[in-house]
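Chains as they are written, first to last, in my numbering: chain Z, 1 to 123; chain D, 1 to 88.
Each hint should be verified, as a subset may be incorrect.
[Stated by the list, open to error] Restraint-style ranges between C-beta atoms, simulated for each label pair:
{"hint": "1", "chain 1": "D", "residue 1": "TYR54", "chain 2": "Z", "residue 2": "ALA65", "range": "17 to 27 Å"}
{"hint": "2", "chain 1": "Z", "residue 1": "LEU109", "chain 2": "D", "residue 2": "ILE7", "range": "42 to 52 Å"}
{"hint": "3", "chain 1": "D", "residue 1": "LEU68", "chain 2": "Z", "residue 2": "ASP62", "range": "19 to 29 Å"}
{"hint": "4", "chain 1": "D", "residue 1": "THR76", "chain 2": "Z", "residue 2": "ALA65", "range": "24 to 34 Å"}
{"hint": "5", "chain 1": "Z", "residue 1": "ALA3", "chain 2": "D", "residue 2": "LEU24", "range": "38 to 48 Å"}
Since the hints were derived computationally from the structure, they do not count as laboratory data.
What you are looking at is a predicted structure, and each value in this text was computed from that prediction instead of being measured.
All C-beta atoms, glycine included, are put in the ideal place defined by N, C-alpha and C.
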Amino acid sequence: MTAVLTVLSCALLLTGAASCLLGALGLVRFPDLPSRLQAATKPQTLGLLLILFGTGLRLDLDDAATLVLVGLFQVLTAPVISQLLGRSAYRSGVLRRDVLVVDDLGARLSGDDDGAGTDRRNR
Amino acid sequence: MTVVFTITLGMLCAAGALTLARLLLGPSALDRIAAADVFVILIVAGTAVYVAVYRDGSNIPLLAAVALLGFVGSATAARLAERRERHR
Chain Z
1 MTAVLTVLSC ALLLTGAASC LLGALGLVRF PDLPSRLQAA TKPQTLGLLL
51 ILFGTGLRLD LDDAATLVLV GLFQVLTAPV ISQLLGRSAY RSGVLRRDVL
101 VVDDLGARLS GDDDGAGTDR RNR
Chain D
1 MTVVFTITLG MLCAAGALTL ARLLLGPSAL DRIAAADVFV ILIVAGTAVY
51 VAVYRDGSNI PLLAAVALLG FVGSATAARL AERRERHR
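Pulled out of the complex, with its shape left as it was, chain Z reads as follows (with noise of 0.2 Å):
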């Protein structure tokens, strides 16, 4: 039992930090920053769930408890940053136009698709 158990934890960490590696190499290589925040927010959350399974595996109950609080938070404030980062982005003209694909919010804020009733607070 003790020895499936860290051969599983040694995969899980092994398999996590592969996930950060390759997070942090899109984090480097992709062009603009909507895709980069792609890559800062996705694989380095699914890595750090896997390392901390890993870890929960080798610890006892309570403190594996602790582990499932450290994964939930993080789950719950990475789309809260990317989402920060995105708006400020758009709203601060750094973002790169040429590279967008689809842009509803551009049209939303010009009133062109009159977003049913845009609220003029929020231009």
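With chain Z held as given, fit chain D onto it using these hints.
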């Protein structure tokens, strides 16, 4: 077991180096904030691997604290950076 931990920490260190490269290259402040956020996650992951190596649960509150601190810092920096970039 030791081999596995060495490889894991090596991969995390490589990821940290790549993230620091993005942190230095920029080009905008928002890219740097994204990279800093990823770096905090990597620190949490590295500490978790340390906990797994020594099977010592006393460092686990540190994981929660660092994760929380990273979120607050990145959120604040994102708001400030938006204001700065807009007024440029």
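Each hint, compared with the structure:
no., hint, result
1, TYR54/D / ALA65/Z: 17 to 27 Å, "holds, 19 Å"
2, LEU109/Z / ILE7/D: 42 to 52 Å, "holds, 48 Å"
3, LEU68/D / ASP62/Z: 19 to 29 Å, "holds, 20 Å"
4, THR76/D / ALA65/Z: 24 to 34 Å, "holds, 29 Å"
5, ALA3/Z / LEU24/D: 38 to 48 Å, "holds, 44 Å"
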